[in-house]
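Following our numbering, the residues of the sequence shown are numbered contiguously, the last one being 363.
If you're looking for bench data, these hints aren't it; they were derived computationally from the structure.
Keep in mind that this is a model prediction, so the values were computed, not measured.
Heads up, some of the hints might be wrong.
List time: in silico EDC-like cross-link candidates among lysine to aspartate or glutamate, alpha-carbon distance up to 20 Å [stated by the list, open to error]: (1) LYS339 <-> ASP311; (2) LYS339 <-> GLU309; (3) LYS173 <-> GLU201; (4) LYS173 <-> ASP83; (5) LYS173 <-> GLU188; (6) LYS173 <-> ASP78; (7) LYS339 <-> GLU42; (8) LYS84 <-> GLU61; (9) LYS84 <-> GLU269; (10) LYS84 <-> GLU201; (11) LYS173 <-> GLU80; (12) LYS339 <-> GLU323; (13) LYS166 <-> ASP156.
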Amino acid sequence: MTWFASMIMGIALCLAAPMWAADDATTPALDVLRPVVSEFLSADPAVQRQFSGVIRGEDVAGLAFQTSGRLATMDVEAGDKVAAGQVLATLDQITLAQDVAVAEAALSAAQAQADFAQSQYDRVAVLLSRNVATTAQIEAARAARDAAVANADSARADLMQAKEAEGYGKLTAPRDGIVLSTNVEPGTMVSPGVSVMELADPLGREAIIDVAESFATVIPEHARFTVHHRAEGVAPVEAELSVVEPVSETSLETRRLRLTLIDPPEDYRIGTLITASYNSDTAPVMTLPQSAIAGTDEAPGVWRVETDGGARVAHFVPVEIGAEIGDRVVVSGGIKEGDEIITHGVHRLEDGQQVGERLP
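From just these sequences and the hints, can you work out the full model?
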(Lines of atoms letter the chains of each structure in order from A and count residues from 1; the text may use other names and numbers.)
(Lines give C-alpha, C1' and ligand atoms only; values in the text may rest on other atoms or scores of the structure.)
Protein backbone atom coordinates (compact mmCIF):
# COMPACT_ATOMS: atom_id res chain seq x y z
CA MET A 1 0.00 0.00 0.00
CA THR A 2 1.43 3.34 -0.97
CA TRP A 3 1.70 6.28 1.37
CA PHE A 4 -1.06 8.16 -0.52
CA ALA A 5 -3.50 5.23 -0.25
CA SER A 6 -2.81 4.91 3.50
CA MET A 7 -3.57 8.59 4.00
CA ILE A 8 -6.89 8.34 2.08
CA MET A 9 -8.05 5.37 4.23
CA GLY A 10 -7.22 7.23 7.46
CA ILE A 11 -9.35 10.23 6.41
CA ALA A 12 -12.29 7.95 5.60
CA LEU A 13 -12.16 6.36 9.07
CA CYS A 14 -12.11 9.76 10.77
CA LEU A 15 -15.07 10.91 8.76
CA ALA A 16 -17.00 7.75 9.54
CA ALA A 17 -16.57 8.07 13.30
CA PRO A 18 -18.77 11.16 13.69
CA MET A 19 -21.47 9.52 11.55
CA TRP A 20 -21.66 6.54 13.92
CA ALA A 21 -21.83 8.87 16.88
CA ALA A 22 -24.71 10.74 15.30
CA ASP A 23 -26.63 7.48 14.81
CA ASP A 24 -26.20 6.64 18.48
CA ALA A 25 -27.44 10.08 19.50
CA THR A 26 -30.71 9.73 17.56
CA THR A 27 -31.61 6.44 19.31
CA PRO A 28 -33.60 7.29 22.47
CA ALA A 29 -32.23 5.76 25.65
CA LEU A 30 -34.92 4.24 27.86
CA ASP A 31 -32.94 5.07 31.02
CA VAL A 32 -32.88 8.80 30.25
CA LEU A 33 -35.46 10.74 32.26
CA ARG A 34 -37.67 12.63 29.84
CA PRO A 35 -39.56 15.70 31.09
CA VAL A 36 -43.26 15.52 30.27
CA VAL A 37 -46.53 17.15 31.33
CA SER A 38 -49.23 14.93 32.84
CA GLU A 39 -52.58 15.09 34.62
CA PHE A 40 -54.61 12.72 36.74
CA LEU A 41 -57.76 11.47 35.06
CA SER A 42 -60.95 12.45 36.86
CA ALA A 43 -64.66 12.57 36.14
CA ASP A 44 -65.69 15.75 34.38
CA PRO A 45 -66.75 18.20 37.13
CA ALA A 46 -69.51 19.49 34.84
CA VAL A 47 -71.56 16.35 35.47
CA GLN A 48 -71.57 17.03 39.22
CA ARG A 49 -73.34 20.36 38.82
CA GLN A 50 -76.97 20.99 39.64
CA PHE A 51 -79.31 22.55 37.12
CA SER A 52 -82.35 24.69 37.84
CA GLY A 53 -85.56 23.99 35.98
CA VAL A 54 -89.33 23.82 36.08
CA ILE A 55 -92.04 21.17 35.84
CA ARG A 56 -94.01 21.28 32.58
CA GLY A 57 -96.80 19.22 31.10
CA GLU A 58 -95.75 16.57 28.61
CA ASP A 59 -98.95 16.84 26.55
CA VAL A 60 -99.81 20.51 26.02
CA ALA A 61 -102.46 21.62 23.52
CA GLY A 62 -103.45 25.05 22.30
CA LEU A 63 -107.22 25.61 22.24
CA ALA A 64 -108.86 27.90 19.69
CA PHE A 65 -112.30 28.85 18.42
CA GLN A 66 -113.41 27.49 15.06
CA THR A 67 -114.97 30.80 14.05
CA SER A 68 -114.10 34.46 14.29
CA GLY A 69 -115.76 36.84 16.71
CA ARG A 70 -115.31 39.09 19.70
CA LEU A 71 -114.37 37.31 22.94
CA ALA A 72 -117.18 37.84 25.43
CA THR A 73 -116.01 35.83 28.46
CA MET A 74 -112.91 34.02 29.65
CA ASP A 75 -114.15 31.71 32.39
CA VAL A 76 -110.81 30.23 33.53
CA GLU A 77 -107.39 31.43 34.64
CA ALA A 78 -103.90 29.98 34.52
CA GLY A 79 -103.56 27.14 37.01
CA ASP A 80 -107.26 26.16 37.04
CA LYS A 81 -108.18 22.50 36.77
CA VAL A 82 -110.95 21.83 34.25
CA ALA A 83 -113.08 18.82 33.34
CA ALA A 84 -113.94 17.47 29.90
CA GLY A 85 -116.87 19.38 28.38
CA GLN A 86 -116.53 22.38 30.68
CA VAL A 87 -117.11 25.78 29.01
CA LEU A 88 -113.86 27.72 29.05
CA ALA A 89 -114.66 30.83 26.99
CA THR A 90 -117.45 32.27 24.83
CA LEU A 91 -117.77 34.63 21.91
CA ASP A 92 -120.29 37.45 21.60
CA GLN A 93 -123.55 35.55 21.02
CA ILE A 94 -125.47 38.64 19.88
CA THR A 95 -123.16 39.15 16.94
CA LEU A 96 -123.38 35.48 16.00
CA ALA A 97 -127.19 35.54 16.19
CA GLN A 98 -127.22 38.62 13.96
CA ASP A 99 -125.09 36.78 11.42
CA VAL A 100 -127.67 33.96 11.38
CA ALA A 101 -130.52 36.43 10.90
CA VAL A 102 -128.74 38.13 8.01
CA ALA A 103 -128.06 34.75 6.37
CA GLU A 104 -131.71 33.72 6.75
CA ALA A 105 -132.88 36.96 5.10
CA ALA A 106 -130.43 36.52 2.25
CA LEU A 107 -131.67 32.98 1.70
CA SER A 108 -135.31 34.13 1.62
CA ALA A 109 -134.52 36.75 -1.02
CA ALA A 110 -132.48 34.32 -3.10
CA GLN A 111 -135.18 31.66 -2.92
CA ALA A 112 -137.83 34.17 -4.04
CA GLN A 113 -135.66 35.08 -7.02
CA ALA A 114 -135.22 31.39 -7.85
CA ASP A 115 -138.99 30.75 -7.65
CA PHE A 116 -139.69 33.76 -9.88
CA ALA A 117 -137.06 32.66 -12.42
CA GLN A 118 -138.58 29.17 -12.48
CA SER A 119 -142.08 30.57 -13.20
CA GLN A 120 -140.66 32.77 -15.94
CA TYR A 121 -138.98 29.76 -17.51
CA ASP A 122 -142.23 27.72 -17.35
CA ARG A 123 -144.21 30.55 -19.03
CA VAL A 124 -141.68 30.89 -21.88
CA ALA A 125 -141.67 27.10 -22.33
CA VAL A 126 -145.48 27.11 -22.81
CA LEU A 127 -145.24 29.96 -25.32
CA LEU A 128 -142.50 28.12 -27.17
CA SER A 129 -144.72 25.05 -27.47
CA ARG A 130 -147.31 27.28 -29.20
CA ASN A 131 -144.66 28.75 -31.49
CA VAL A 132 -145.14 32.16 -29.85
CA ALA A 133 -141.73 32.44 -28.11
CA THR A 134 -138.36 32.08 -29.77
CA THR A 135 -135.47 29.78 -29.00
CA ALA A 136 -133.41 32.74 -27.75
CA GLN A 137 -136.11 33.63 -25.26
CA ILE A 138 -136.23 30.11 -23.80
CA GLU A 139 -132.46 29.99 -23.50
CA ALA A 140 -132.40 33.34 -21.69
CA ALA A 141 -135.12 32.16 -19.31
CA ARG A 142 -133.20 28.93 -18.65
CA ALA A 143 -130.01 30.87 -17.88
CA ALA A 144 -131.85 33.23 -15.52
CA ARG A 145 -133.45 30.28 -13.74
CA ASP A 146 -130.14 28.43 -13.31
CA ALA A 147 -128.40 31.56 -11.96
CA ALA A 148 -131.18 32.20 -9.46
CA VAL A 149 -131.10 28.59 -8.26
CA ALA A 150 -127.30 28.81 -7.82
CA ASN A 151 -127.69 32.02 -5.80
CA ALA A 152 -130.24 30.31 -3.58
CA ASP A 153 -127.91 27.36 -3.01
CA SER A 154 -125.10 29.75 -2.08
CA ALA A 155 -127.34 31.61 0.38
CA ARG A 156 -128.42 28.30 1.90
CA ALA A 157 -124.74 27.32 2.43
CA ASP A 158 -124.06 30.71 4.05
CA LEU A 159 -126.94 30.13 6.45
CA MET A 160 -125.59 26.70 7.40
CA GLN A 161 -122.16 28.23 8.01
CA ALA A 162 -123.64 30.99 10.17
CA LYS A 163 -125.58 28.45 12.25
CA GLU A 164 -122.41 26.35 12.70
CA ALA A 165 -120.52 29.46 13.75
CA GLU A 166 -123.24 30.18 16.31
CA GLY A 167 -122.68 26.70 17.69
CA TYR A 168 -118.90 27.29 17.81
CA GLY A 169 -119.36 30.33 20.02
CA LYS A 170 -118.51 28.26 23.11
CA LEU A 171 -115.03 26.83 23.71
CA THR A 172 -115.20 23.65 25.78
CA ALA A 173 -112.45 21.49 27.29
CA PRO A 174 -111.78 18.39 25.16
CA ARG A 175 -110.47 16.49 28.22
CA ASP A 176 -109.55 16.90 31.87
CA GLY A 177 -106.55 19.17 32.26
CA ILE A 178 -104.83 22.18 33.77
CA VAL A 179 -104.93 25.63 32.16
CA LEU A 180 -101.34 26.74 31.66
CA SER A 181 -102.02 30.19 30.21
CA THR A 182 -104.65 32.40 28.60
CA ASN A 183 -103.57 34.44 25.61
CA VAL A 184 -106.43 36.92 25.06
CA GLU A 185 -108.65 39.21 27.11
CA PRO A 186 -112.43 39.70 26.82
CA GLY A 187 -113.31 42.19 24.10
CA THR A 188 -110.54 41.00 21.78
CA MET A 189 -111.37 39.96 18.23
CA VAL A 190 -110.21 36.38 17.65
CA SER A 191 -109.72 34.48 14.41
CA PRO A 192 -110.36 30.80 13.68
CA GLY A 193 -107.46 28.56 14.70
CA VAL A 194 -105.63 31.20 16.76
CA SER A 195 -104.82 29.80 20.22
CA VAL A 196 -106.59 31.54 23.08
CA MET A 197 -105.28 29.28 25.88
CA GLU A 198 -103.01 26.28 26.60
CA LEU A 199 -104.29 23.13 28.29
CA ALA A 200 -101.99 20.46 29.76
CA ASP A 201 -102.61 16.86 30.73
CA PRO A 202 -102.42 16.80 34.56
CA LEU A 203 -100.88 13.32 34.64
CA GLY A 204 -98.06 13.69 32.13
CA ARG A 205 -95.32 15.82 33.70
CA GLU A 206 -91.67 16.40 32.84
CA ALA A 207 -88.79 18.52 34.11
CA ILE A 208 -87.24 21.11 31.81
CA ILE A 209 -83.61 22.18 32.45
CA ASP A 210 -81.00 24.14 30.51
CA VAL A 211 -77.40 22.85 30.49
CA ALA A 212 -74.13 23.90 28.90
CA GLU A 213 -73.82 22.79 25.29
CA SER A 214 -70.55 20.97 26.08
CA PHE A 215 -72.39 18.88 28.68
CA ALA A 216 -75.27 18.10 26.32
CA THR A 217 -72.85 16.64 23.74
CA VAL A 218 -71.43 14.00 26.11
CA ILE A 219 -74.45 12.98 28.16
CA PRO A 220 -75.56 9.42 27.28
CA GLU A 221 -79.02 8.45 26.10
CA HIS A 222 -81.58 7.75 28.83
CA ALA A 223 -79.30 9.29 31.46
CA ARG A 224 -80.74 9.38 34.96
CA PHE A 225 -81.23 12.51 37.05
CA THR A 226 -82.44 13.19 40.57
CA VAL A 227 -85.01 15.97 40.72
CA HIS A 228 -85.35 17.94 43.97
CA HIS A 229 -88.36 20.04 44.95
CA ARG A 230 -87.53 23.56 46.13
CA ALA A 231 -89.89 23.20 49.12
CA GLU A 232 -88.60 21.52 52.26
CA GLY A 233 -89.94 18.14 53.25
CA VAL A 234 -90.72 16.96 49.70
CA ALA A 235 -88.88 13.80 48.70
CA PRO A 236 -86.79 13.89 45.48
CA VAL A 237 -87.83 11.82 42.48
CA GLU A 238 -85.91 10.07 39.75
CA ALA A 239 -86.10 11.24 36.14
CA GLU A 240 -84.84 9.94 32.81
CA LEU A 241 -83.56 11.98 29.89
CA SER A 242 -86.10 11.84 27.08
CA VAL A 243 -85.14 14.64 24.64
CA VAL A 244 -82.14 16.87 24.02
CA GLU A 245 -83.55 19.70 21.94
CA PRO A 246 -81.44 20.10 18.78
CA VAL A 247 -81.46 23.91 18.67
CA SER A 248 -79.09 25.69 21.06
CA GLU A 249 -79.42 29.14 22.55
CA THR A 250 -76.45 30.70 20.76
CA SER A 251 -76.33 33.72 23.05
CA LEU A 252 -76.09 31.51 26.15
CA GLU A 253 -74.50 28.42 24.57
CA THR A 254 -77.00 26.17 26.33
CA ARG A 255 -79.20 23.26 25.30
CA ARG A 256 -82.60 22.35 26.71
CA LEU A 257 -83.11 18.89 28.23
CA ARG A 258 -86.50 17.29 28.87
CA LEU A 259 -86.62 14.76 31.71
CA THR A 260 -89.49 12.32 32.21
CA LEU A 261 -90.41 12.08 35.88
CA ILE A 262 -90.73 8.56 37.28
CA ASP A 263 -93.81 8.19 39.53
CA PRO A 264 -93.85 11.82 40.73
CA PRO A 265 -96.02 12.68 43.75
CA GLU A 266 -98.72 15.35 43.61
CA ASP A 267 -96.29 17.92 45.04
CA TYR A 268 -94.52 18.13 41.68
CA ARG A 269 -97.23 20.23 40.04
CA ILE A 270 -96.92 21.91 36.66
CA GLY A 271 -95.03 25.16 37.13
CA THR A 272 -93.08 23.97 40.19
CA LEU A 273 -89.45 25.12 40.38
CA ILE A 274 -86.99 22.24 40.76
CA THR A 275 -83.26 21.46 40.84
CA ALA A 276 -81.93 18.46 38.89
CA SER A 277 -78.59 16.73 39.49
CA TYR A 278 -76.99 14.24 37.12
CA ASN A 279 -76.38 10.76 38.53
CA SER A 280 -72.74 10.68 37.47
CA ASP A 281 -72.01 7.43 39.37
CA THR A 282 -73.93 5.50 36.73
CA ALA A 283 -71.92 6.85 33.81
CA PRO A 284 -68.86 9.01 34.71
CA VAL A 285 -67.64 11.28 31.94
CA MET A 286 -63.85 11.67 31.69
CA THR A 287 -61.98 13.93 29.30
CA LEU A 288 -58.36 14.55 28.28
CA PRO A 289 -56.67 17.25 26.20
CA GLN A 290 -56.51 16.31 22.54
CA SER A 291 -52.71 16.61 22.81
CA ALA A 292 -52.74 13.51 25.06
CA ILE A 293 -54.07 11.24 22.30
CA ALA A 294 -51.34 9.28 20.49
CA GLY A 295 -51.36 6.33 18.14
CA THR A 296 -53.48 6.43 14.97
CA ASP A 297 -57.07 7.25 14.13
CA GLU A 298 -57.81 3.54 13.85
CA ALA A 299 -55.94 2.61 17.06
CA PRO A 300 -55.76 5.61 19.41
CA GLY A 301 -54.05 5.41 22.78
CA VAL A 302 -52.49 7.38 25.61
CA TRP A 303 -49.31 7.18 27.66
CA ARG A 304 -49.99 6.19 31.26
CA VAL A 305 -47.39 6.74 33.96
CA GLU A 306 -46.85 3.64 36.11
CA THR A 307 -44.41 2.76 38.88
CA ASP A 308 -41.99 -0.03 38.00
CA GLY A 309 -39.39 -0.94 40.63
CA GLY A 310 -39.51 2.53 42.14
CA ALA A 311 -39.10 4.24 38.75
CA ARG A 312 -41.78 6.17 36.91
CA VAL A 313 -42.17 4.73 33.42
CA ALA A 314 -44.55 5.43 30.53
CA HIS A 315 -46.65 2.65 29.00
CA PHE A 316 -48.85 2.99 25.91
CA VAL A 317 -52.49 2.05 26.60
CA PRO A 318 -55.16 1.70 23.84
CA VAL A 319 -58.30 3.73 24.60
CA GLU A 320 -61.74 4.42 23.21
CA ILE A 321 -62.44 8.06 22.48
CA GLY A 322 -65.74 9.86 22.02
CA ALA A 323 -66.98 13.36 21.30
CA GLU A 324 -64.75 16.42 21.24
CA ILE A 325 -65.46 19.21 23.72
CA GLY A 326 -63.43 22.23 22.69
CA ASP A 327 -59.76 21.30 23.06
CA ARG A 328 -60.60 18.13 25.02
CA VAL A 329 -61.91 14.73 24.03
CA VAL A 330 -64.08 12.22 25.91
CA VAL A 331 -62.33 9.00 26.88
CA SER A 332 -64.89 6.24 27.25
CA GLY A 333 -62.73 3.16 27.81
CA GLY A 334 -59.24 1.76 28.35
CA ILE A 335 -58.28 3.80 31.42
CA LYS A 336 -59.89 4.63 34.73
CA GLU A 337 -60.32 7.54 37.04
CA GLY A 338 -57.13 8.33 38.98
CA ASP A 339 -54.68 7.26 36.24
CA GLU A 340 -51.82 9.68 35.54
CA ILE A 341 -51.82 10.42 31.80
CA ILE A 342 -49.11 12.26 29.87
CA THR A 343 -50.65 15.19 28.02
CA HIS A 344 -47.64 16.83 26.29
CA GLY A 345 -44.60 15.22 24.68
CA VAL A 346 -46.44 12.01 23.75
CA HIS A 347 -44.86 11.67 20.29
CA ARG A 348 -41.27 11.30 21.59
CA LEU A 349 -41.88 8.46 24.03
CA GLU A 350 -41.18 4.74 23.88
CA ASP A 351 -42.90 2.06 25.88
CA GLY A 352 -41.13 1.59 29.21
CA GLN A 353 -39.24 4.89 29.04
CA GLN A 354 -38.62 6.62 32.37
CA VAL A 355 -40.14 10.03 32.99
CA GLY A 356 -39.25 12.64 35.57
CA GLU A 357 -40.79 13.07 38.98
CA ARG A 358 -44.07 14.93 39.10
CA LEU A 359 -43.62 18.44 40.44
CA PRO A 360 -46.27 19.89 42.77
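Verification of the supplied hints:
1. Among the hinted pairs, LYS339 with ASP311 is consistent with the structure: their alpha-carbon atoms are about 19 Å apart, no more than 20 Å.
2. The suggested pairing of LYS339 with GLU309 holds, with an alpha-carbon distance near 13 Å, which does not exceed 20 Å.
3. With a C-alpha separation of about 16 Å, the suggested pairing of LYS173 with GLU201 holds against the 20 Å cut-off.
4. Proposed proximity of LYS173 and ASP83 is supported: the alpha carbons are some 18 Å apart, at most 20 Å.
5. A distance of roughly 15 Å separates the Cα atoms of LYS173 and GLU188; the hinted pair therefore holds under the 20 Å criterion.
6. As the CA atoms of LYS173 and ASP78 are separated by approximately 11 Å, the hinted pair is consistent with the 20 Å bound.
7. Our distance criterion of 20 Å between C-alpha atoms is met by LYS339 and GLU42, whose separation comes to about 13 Å.
8. Annotation: proposed proximity of LYS84 to GLU61 holds, straight-line Cα distance about 16 Å (limit 20 Å).
9. Between the alpha carbons of LYS84 and GLU269 the distance comes to roughly 14 Å, so the proposed pair stays at or under 20 Å and holds.
10. Pair hint LYS84 plus GLU201 holds up; C-alpha atoms about 12 Å apart against a cutoff of 20 Å.
11. With a C-alpha separation of about 16 Å, the suggested pair LYS173 and GLU80 falls inside the 20 Å cut-off, and the hint holds.
12. Restraint check for LYS339 and GLU323: the C-alpha separation of about 12 Å stays at or below 20 Å, so the hint holds.
13. For the proposed pair LYS166 and ASP156, the alpha carbon gap of about 15 Å is at most 20 Å, so the pair holds.
No hint from the list above goes unmet by this structure.
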